[in-house]
Amino acid sequence: MPRRAPRGTQAIQRALALFRSFTPEVPEHRLTDLAAAHGLHPSTAHRLLGVLEAEGLIGRSPESQGYRWLEGTGFGEAGEHAPRLNGLRPLEPLHTPFHRRTEAVCESGAWRDWSGYTCAVSYEPTPEREYWALRNAAALIDVSPLFKYEIRGADAERLLDRVLTRDFTKCRTGRVVYSSWCNEDGHLLQDGNVQRLEPERFLVSAAEPCLRWFEDCGWGMDVEVRDVSEEIGVLALQGPRARAIAEAATSGIDFGVMRYFDLAAGEVPSGAGGGPVTVTRTGYTGDLGYEFWVAAEHAEALWDALVDAGRYHGLLPAGLLALDMVRVEAGLVLIDVDYVSSAHAEIEALKVTPAEAGLGFTVQLDKQTDFVGRRALERERDRGPAWALVGLEVDWFELERLWSGIDLRPQVVGQPASREPTPVFAPGGSQVGQCTSRFFSPLLKKYIGLATVHAAAAALGTELDVEVAVGYGRRRARARVVRRPFFNPPRKTAVDPMPGVDG
Amino acid sequence: MTVEPTAAGDTGSGTPARSGTRFDAIVVGAGHNGLVAAAYLARAGLDVVVLESSPEIGGATRSEEVFPGFRFSVFSYLVSLLRPEVVHELDLVRHGLFLVPTASTLNPLPGGDCLFREADPRRTYRHVARHSRRDAEALFEYKLEMRRMGHLMYRLQRAAPDELAAAIGDRVGESAEHLDVEVSAEAADIARYFLDLPAARLRGFVQMLTMSSADFLSQWFESDVLKAALSSSSIIGSMLSPRTPGSAYVLLHHYMGEVDGVYREWGFQKGGTGAVAATIARAARSHGAEIRTHSPVARVLARDGRAAGVVLANGDELRAGVVMSSAAPQISLGRLLDPDDVPGGEGAGLALRAARWRSGGCAGKVNLAISGLPRFECMPAPGPHLSGGITIAPSLDYIDRAYDDAKYGGFSGRPFIDMIIPSVLDPDMAPPGKHVLSCFVQYAPYELAAGPWDDDQREAFGDAVVRTLAEYAPGIEDQILHRQVLVPPDIEAIAGIPGGNIFHGELRLSQLFLLRPDPAAASFRTPLPGYYVCGSSTQFGGGISGGPARLAALRVLDDLRRPETAGSGGGAETP
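Chains as they are written, first to last, in my numbering: chain A, 57 to 559; chain B, 177 to 751.
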C-alpha cells in the first residue's frame, strides 16, 4: 500500500521543486510556464511562488513581472555547502578540493588568501604542534593552490628543455625535476617542479601562473599546455612518519624503492570515492615526505585515507605558518619573498638570476639546448653573480647578549617566520644586503635567516650584522654565513626510509 | 585647523568684497587650474585676484544639490590626476582634500556575465581567467609596463615642455636658444632619464602616442571583454573610438594618474568634486588671494606691448602686470586677446590657430537620483562592486558602434557609460537609503546632425542611458526619482569650455607637448609679454590635475625673478 505523505509536505515538495527551477543558467520563468512544467494549477503555483518570494528565495523581474533566481540562495551555485552571506561577496573565496575537510578541523578560524584560495594559517591557534609534528611525526598540508599545467605532445620535452634552465632531456618518465626558468635576460621568473608522467606528458607545478609563458615559448611546436590547476588537488604529507602513513593509505606503490624525486601512480582505496593518485617524493619541508596529486573528485577520499592511516603516527594537519617555518630550516627560497619574480619586478635592480637567488644549481650550461636566458647566464658565469643567497645564523650567546641589555632572556620562541625584509650589514658597517626570511628555530636552537648579500660577503663563515627587534629597539646581532640547508636529515633522501632509523 | 569639506560649490559670497583695481596678478577663471595658479602666486606673496564669470567657482569641478537632499558631482567625478606636488605644496589635506578610493571596476556583460577587477591582483587574476587564462596572466605584465609608462609621464610632468625640450636639446647637442628658457637641474635630470630609457620602453611610448588603444591592447590580450574594459580609459573625453589611431595616448594620460604614489588609483572627493575646487580656493585664500565670481572678463588689457590688466564685461578695468588665463585657447588666445595688441604681428596667426583648436565635446553626463541601490544582473546583491567604477563597455564593437553613431552626428543609441555611485562612497551625497548615480556617457557630439540639442533631444539621450543601464540592472528605470541630463552645450554654458570638451581640447599628438595649447604658448607664456595660459589646454592638462597651472605659476614667478626675460611680467612688484 503506497504511503501517504504526511499532511502539508506536498506543498513543501512542490515549493522546493519550483525553487529548484531557478538557476544561474535559467534564471527567469513566467508563472504560466512554471505551472505547466510542474503540473500545477496557476493559482497554486502563484501561491507557492509568493511564499518563496516573501522568504527572499526568489525575486521578481521588474520588466516582465516574471520570477527570477537570486544570487546567494543556495541552489545551482558553486560552493553551496559553504556558509554564505547571501551573496555579499561578488566572488566567493575559492576553495580547494579539501576545503570541507580542512574547514572541519580548523579550530583557529585563521584563514589566509593563497593565490585566491582560502587556506588555513594554522589549524590550532598557534602553529607549534604542527611544526613539531612535521619534524617529529608527520603533517598533512593542503598545497592545492599551486598552479598546475599539463604539457603534452610530441614536442613537450623540447618545449620544457627550451624553457627550463635544467637539462630536461635527462629527465626519465617517473621522475620529477626541480628547475628555474628565466626570461631572455637570464632573470629568474619562477622555480617549480616538473613531473614526467609519460614520455610525452608532463605536469608543471609553480607558485605563479605561467600558462602564457609556456605557450608563447612553444610557439609553432606540437605541444598543448593545459591549465589543470582547479582539477587537481595536492596534499603534502611530510615528516619522519610520512612513509608509513603513505604506505597504509594507498595501494599499488612500492615505497621501498621510491627514491627522492621519483613519482609513482597508485590508488586510494575505493571505499568512499577513492581513485587513482600520483605520488611524488617531493616537498617543501626539507624532510622525508610525499606529495599526492589527485583529481578533485577523489580529494576527500585521499584526505580521509591519509588521516585514518596517520591516526597512530601522530599525524596533524599543518597550516601555512608551520610550512613557512620548516621551509626556512630547509633553506628553500620562496618566490616574491626571498626573490622577486622578474615578471613582477618594478625595476631592474629587483631582478635576480637563478644563481643570485641561490638556485645556481638549477642552471646547467652544459646542456645542449639554447634555453631561454642562456646567453645572459653564460655571461654571468664568466663575470660571476653580483649577489648571493646565503644562510645566516645567530647563535644563542649572541641572543642572550642582546636581550641582557633590557634584562630579559631572549624573546624569540613562538614567533612565526618573518617575511619583512630587514637590512644586513657588514660588521659595524654599511648595508650589504637584506634578510628576507628568518625565525628562531626551536629545533636547531638558533636564529636563522635567508639573506641576499653582495657576492663578496657570501663566503661561508663571513660575519655579518642583522637587525633584530629587541623590545622596542632595533639591535644589530652578529651573524655568520652558514651552509644551507640549516636542517637536512638523511631520511629526506634515504632509500627505503624507515621510521625511527634516523631522527 | 579642521575644515569641514563642504560639497556646495563655493559661491565666493563669503569673500569680503573688495573694490581694489590694482593687483600683482590677475587669474581668469576659477576652475581648479585657475585656483591652483592663484594659490601658487599668492603663496609667493603676490597680490592676486581670480575672476570668474559664473556665479560659482569650480568650472567643471563642481558639486551641486540639484534636487533636495541629492548632491551631484555635476561634471567631473573622480580624482587621480591631481598632482601630488599640488596636494602637498598647497597643503590641500588641511584645506579639505578627502579622497575615498574606488578600488574595483565592474564591467557588466550581456546575459548576466561580468568582468570584475579588484585591488587584489590574485582575485583579479581569477576574475579575468574566467574569460582568458592567458589574459589574466598577461594583465600582470601589462600593468607592470603601464606603471613604468605612468612613471615616465610622472617624470616628464615635472618640467614645462619647453624647458624639457631645451634640456633634451642640450643633451643631444641641438641648440634650444629660441625657446628662451633656462634649463633647471631637474629638467636636465628628466632629459637624461628620458634619453636613457630602455629601447623597449621608448618603443612603447611611441606606440602609445600613435596607436589605437585596441591595437595597443591586442599586443597583450586576446579577450575582447578585457580589451574593451581596458580601452575605456582611451576614449574618455575624446571623440575617438578605441580603434582610432591615437587613442592609446588617452589611455596613457589616464594611467599617469595616481593616489599617494600608486598609479592608476582613483579617488572620490568627499562631497563631490566641487569640494576639490573649494579646497583649492581655501588654500588660495589662506595665502591672501581674492576670488570674485560674477566677474566675466571681456578682454586682456595691453599697454606698451605688454599685458597690463583686464577689462571686465561691465567695462571696469583691473590692472596687473601679470595676467593668467585658465580658459581654453579659443578664449585665452582668441576672444580675450586683441590681435593688434600682440607684438610682432603674431596676433592674427595666434587667433586663427586658436579658432582651429580641436575641442569638440563628445561626452554627456547623466546624474540620477535613485530610490535604492541598483541590482546588477551579474551581481544583484549589494557588495564592494558598488563602491567601485562600473562601466558599460561590453565589447570593442559595442564602443565602436557607439562612436559611429556620433561620427554621423547622432548620440549613441546604446552608449558607453562610466558610472560611479557616489552615495555608496560618501553617505552625505544622498538621503539615507537613497542614492545618486553618476553616469559619464559617450558619445554625445556637440552638434547633432538633426539640429541643435533641445529638451526633446536631451530627454531622448537620457532615455537611451537609462534603457542601456536597464539592460544590465533590470528595474533601475523604476528606481529613478530625478534625473539631470547634461550634453556638451551645457558643459560649454555652465563650465565655460568652448565645445564642451572636458579636457579643453583633445588629447592627441597634434595637440600635445610643444603644440599644447599653441606652438607660441607651450611655455605657458603667450606672445604678449606678461600674459600667460595655465588651463587644461596647456601641457599635461586634462583632468583634475592642477599640474599645468602649477608649472605656469612657477614660470610666472621665475620670469618675475628674471625681469630681463622677454616674457617677464616686469610691471609687477617682485615679491
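To be clear, the hints were calculated from the coordinates, so they are not data collected in a lab. Just to be clear, a hint being listed does not mean it is correct.
Said to hold, decoys possible - So the derived label-pair ranges between C-beta atoms look like this:
no.	chain 1	residue 1	chain 2	residue 2	range
1	B	G585	A	E353	58 to 64 Å
2	B	R298	A	P498	44 to 50 Å
3	A	A515	B	E350	47 to 53 Å
4	A	E256	B	R298	42 to 48 Å
5	B	R298	A	K501	49 to 55 Å
6	B	A375	A	N544	51 to 57 Å
7	A	L406	B	T197	56 to 62 Å
8	B	A696	A	L406	43 to 49 Å
9	A	D552	B	R298	52 to 58 Å
10	A	A73	B	G585	33 to 39 Å
Stated by the list, open to error - Output of the computed footprint for chain B on chain A, the stretches with three or more beta carbons under 8 Å from beta carbons of chain B:
no.	stretch
11	166–173
12	252–259
Think of the CB as a built atom: it goes at the ideal place given N, C-alpha and C, for glycine as much as any other residue.
Structure-based check of each hint:
1. One distance hint, 58 to 64 Å for the beta-carbon pair G585 of chain B and E353 of chain A, holds here, with the actual separation near 59 Å.
2. For R298 of chain B and P498 of chain A, the Cβ-Cβ distance of about 32 Å falls outside the hinted range of 44 to 50 Å, so the restraint is violated.
3. For A515 of chain A and E350 of chain B, the Cβ-Cβ distance of about 51 Å falls inside the hinted range of 47 to 53 Å, so the restraint holds.
4. About 32 Å separates the C-beta atoms of E256 of chain A and R298 of chain B, a value inconsistent with the hinted range of 42 to 48 Å.
5. Between R298 of chain B and K501 of chain A, the C-beta spacing of about 36 Å breaks the proposed range 49 to 55 Å.
6. A hinted range of 51 to 57 Å is violated for the C-beta pair A375 of chain B and N544 of chain A, which are about 45 Å apart.
7. Taken as a hint, the range 56 to 62 Å holds for the pair L406 of chain A and T197 of chain B, whose Cβ atoms sit roughly 59 Å apart.
8. For the pair A696 of chain B and L406 of chain A, the beta carbons lie near 44 Å from each other, so the given range of 43 to 49 Å is met.
9. Against the hinted window of 52 to 58 Å, the Cβ-Cβ separation of D552 of chain A and R298 of chain B comes to about 41 Å, which falls outside the hint.
10. A hinted range of 33 to 39 Å is violated for the C-beta pair A73 of chain A and G585 of chain B, which are about 55 Å apart.
11. For the stretch 166–173 of chain A, the stated coverage by chain B holds: 3 residues have a C-beta nearer than 8 Å to a C-beta of that chain, and at least 3 were required.
12. Here the stretch 252–259 of chain A counts 0 residues with a CB under 8 Å from a CB of chain B, which misses the bar of 3, and the coverage is violated.
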